[in-house]
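Keeping the supplied structure of chain P fixed, place chain H upon it in accordance with the hints.
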Amino acid sequence: MPYKEVEVPAEIFLTMNDINIYYSYRHDNFKYRKEGDDVYSFSGYEVDEFDVTELPLYDARVELTYEFDEDYHRHLIIASYVLGDLELINEELPKFKYADKFMNYTADDLGKKLKAIVSLESDGEWIFTGGGFLGELENIQYQYLTLKNDEDEEDMLKIPVKDDEDIQRFLEVLFTLKRGGNS
Amino acid sequence: MNKQVLLSFSDCYSNDITVYIEEELGLFSFENNCFHVRELPLYKEDMLEFLTKEKGFTSRDYERYVILASLVNGHLDNYMDQPFPNPIDFNDWKIKDIIEGRIYVSIQLTGDGFWDLDWGGSIETVDVSSYDYLKIYVDDEILIEDYSIESESSMVNRDLQIKALMEIMLDLNGELIFYNEKL
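For the protein sequence lines, the chains are P and H, in the order given. Using the working numbering, count along the first sequence one by one with no gaps and you end on 184. Using the working numbering, count along the second sequence one by one with no gaps and you end on 576.
No wet-lab data here; the hints were simulated from the structure. A portion of the hints provided could be inaccurate.
From chain P, some residues computed to sit far from chain H (all C-beta separations above 12 angstroms) [said to hold, decoys possible]:
#1 14
#2 38
#3 70
#4 91
#5 104
#6 116
#7 120
Some chain H residues near chain P, calculated using beta-carbon distances under 8 angstroms [what the hints assert, rightly or not]:
#8 448
#9 449
#10 452
#11 497
#12 498
#13 499
#14 500
#15 504
#16 505
#17 507
#18 515
#19 519
#20 521
#21 549
#22 553
#23 555
Remember, predicted model here, so these are calculated numbers, not experimental data. For glycine and all other residues, C-beta sits at the position ideal for the given N, C-alpha and C.
Chain P on its own, in the form it takes in the complex (with noise of 0.2 angstroms):
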């Protein structure tokens, strides 16, 4: 049975400021699943399902240039969300407030207009030395990125990131790949 009317306890894939995007469903009790792997859920419902393939920035030339496609799914999900994308595709999804400046930014601006900042967990070693302090910092472990803006102070975008190159990669993804921009 095909779960359009029943809600599944489906997994969650990305949270990007309130929003979760969930894995579409596949569950053998349910006799269905999905041909393929480009397909996501606004929901545990499978009316609110997309296909990632259909989104306006979406390029398969850069989804080879990943080693796991769901890295790039996540960087082209929030990149469309962030340039106002995914609200066509779902008219209930809260409509992304900064859209207008994210169309503008570009990658220089990072660092002025637009601050990132990484919240991270580590481990340190603690020197009795002195007051006491603490060491150099060991096994920093990103768990997200919070892009503000630099005039308001507002937190615009607050979104999962994993290290250094996913970083880079979502911002390639976001700034030089805009609409248009790989025609």
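Only chain H this time, still in chain P's reference frame:
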């Protein structure tokens, strides 16, 4: 009624150890077995006075440090289901043992940092927002881990909190907390 937790951590075998706060003042317990903090050999009225009157600690902070210190010294074994597995003996400890690195303290922390392309796409410095968990190794073996450093008395500098705990645990007669510049 659920008892309030005073402290919890794991021993070197990853067994959880939890100490609860009882209703009667100064009384604490492991599930069933109660003990009085003032009866512990490491409990020192003058250290309590010093920390609360001069350094801004609460008496609850002191109780927490003394109980953790007593636990790892094996002073609370009679109240526990199983004795603490690899106790230290505070009599063995001198400041020079710290200098020689017999004890290693590692902190799990949360922080954030500005991410910029200027540093080859990375963060330059990390701003530590909290110390979350403490791990202590003695002679390269785990003494305790996952000790949550939740400081209700956030008035006290977090490095001083750790220093106070080490001072009490190794019973250094105030040498660590007073004459730390020697190190």
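Right, here's what the structure says about each hint:
1. 14: holds, 23 angstroms
2. 38: holds, 28 angstroms
3. 70: holds, 22 angstroms
4. 91: Residue 91 of chain P clear of chain H: closest Cβ-Cβ about 30 angstroms, beyond 12 angstroms.
5. 104: holds, 20 angstroms
6. 116: violated, 7 angstroms
7. 120: violated, 5 angstroms
8. 448: violated, 12 angstroms
9. 449: Nearest chain P Cβ about 14 angstroms off; hint violated.
10. 452: violated, 22 angstroms
11. 497: Result: holds, 7 angstroms to nearest chain P Cβ.
12. 498: Result: holds, 4 angstroms to nearest chain P Cβ.
13. 499: holds, 5 angstroms
14. 500: holds, 5 angstroms
15. 504: holds, 6 angstroms
16. 505: Status holds, d = 5 angstroms.
17. 507: holds, 6 angstroms
18. 515: holds, 5 angstroms
19. 519: For residue 519 of chain H, the interface hint holds, since the closest Cβ of chain P sits about 6 angstroms away, which is under 8 angstroms.
20. 521: holds, 7 angstroms
21. 549: It is violated, given that the least Cβ distance between residue 549 of chain H and chain P is near 12 angstroms, above 8 angstroms.
22. 553: holds, 7 angstroms
23. 555: It holds, given that the least Cβ distance between residue 555 of chain H and chain P is near 6 angstroms, below 8 angstroms.
Hints 6, 7, 8, 9, 10 and 21, counting from the list given before, are not met by this structure.
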